[in-house]
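A.B. asks: Given next are the chains, with one letter for each unit.
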Amino acid sequence: GAVVSQHPSRVICKSGTSVKIECRSLDFQATTMFWYRQFPKKSLMLMATSNEGSKATYEQGVEKDKFLINHASLTLSTLTVTSAHPEDSSFYICSLALGGRETQYFGPGTRLLVL
Amino acid sequence: RKEVEQDPGPFNVPEGATVAFNCTYSNSASQSFFWYRQDCRKEPKLLMSVYSSGNEDGRFTAQLNRASQYISLLIRDSKLSDSATYLCVVAPGGFQKLVFGTGTRLLVSP
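Chains as they are written, first to last, in our numbering: chain A, 1 to 115; chain B, 116 to 225.
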């Protein structure tokens, strides 16, 4: 069965608005979750590592003030795209690793379209 | 140079064919290696881990050559349902961080 869920699966918004994406671990407690972004015909790129109870760790080139991450519980991490612009349109996917291993389980993804 | 490089394809093969994908990685300190499968507009799903000794899972065989920094995936007796993009994934050695290749697209036709 599914390990990770994401909501919403698809969102269309106007430029300048903020969008919140939720990532839930369904059966496991996850102290660490990961947020990725994938543009069409491109590879998944890690945006940030979400840490429960502390600040997220952002990859180089990812603006932390634009992509706000909150990991307030062991089963929920949220990514908020603030003041979204058309170039933020992408496929956003979260994941978690179980038991400290490197194998990651991915959520079904959220497709964001900014008009 | 990209950290993980793959031939994007597409590889068009008939059902029953054997097809091989290759992948190279640049970080010699990389610790773990995986093949993921991604269907169109879906999330990646783990296909198999790759070990130095090589490993097999049914019709799928993965091999790792650390000296050449090269990973391969062999699919035997291709099925229509094998049509997907195959992602080569490397863990450089940091805690759980994964680096993805752009993927190789496979199309299996009747």
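If you're looking for bench data, these hints aren't it; they were derived computationally from the structure. Treat the hints with care, since some could be wrong.
Stated by the list, open to error - In silico SDA-like cross-links for lysine to any residue, where the CA-CA straight-line distance does not exceed 25 Å:
1. A:Lys-55 to B:Pro-207
2. B:Lys-160 to A:Ser-89
3. B:Lys-117 to A:Glu-59
4. B:Lys-212 to A:Ala-2
5. B:Lys-212 to A:Glu-59
6. A:Lys-64 to B:Glu-118
7. B:Lys-157 to A:Ser-43
8. A:Lys-66 to A:Thr-31
9. B:Lys-212 to A:Gly-16
10. B:Lys-160 to A:Tyr-105
11. B:Lys-157 to A:Lys-55
12. A:Lys-42 to B:Gly-173
13. B:Lys-212 to A:Thr-32
14. B:Lys-160 to B:Thr-217
What the hints assert, rightly or not - Label pairs and their in silico Cβ distance ranges:
15. A:Gln-29 to B:Ala-182: 26 to 32 Å
16. B:Asn-127 to A:Gly-53: 48 to 54 Å
17. A:Ile-12 to B:Arg-116: 33 to 39 Å
18. A:Glu-63 to B:Ala-132: 43 to 49 Å
19. B:Arg-181 to A:Thr-57: 26 to 32 Å
20. B:Lys-160 to A:Gln-60: 23 to 29 Å
21. B:Glu-130 to A:Ser-54: 46 to 52 Å
22. A:Glu-63 to B:Arg-181: 34 to 40 Å
23. A:Ser-83 to B:Glu-120: 32 to 38 Å
24. B:Pro-123 to A:Leu-26: 31 to 37 Å
25. B:Pro-129 to A:Ala-72: 47 to 53 Å
26. B:Asn-127 to A:Ser-54: 44 to 50 Å
27. A:Leu-115 to B:Ser-183: 43 to 49 Å
Backbone N, C-alpha and C fix where the C-beta goes; we use that ideal spot for every residue, glycine too.
A.B. asks: Where does the structure disagree with the numbered hints, that is, which hint numbers, in rising order?
C.D. replies: 9, 11, 12, 15
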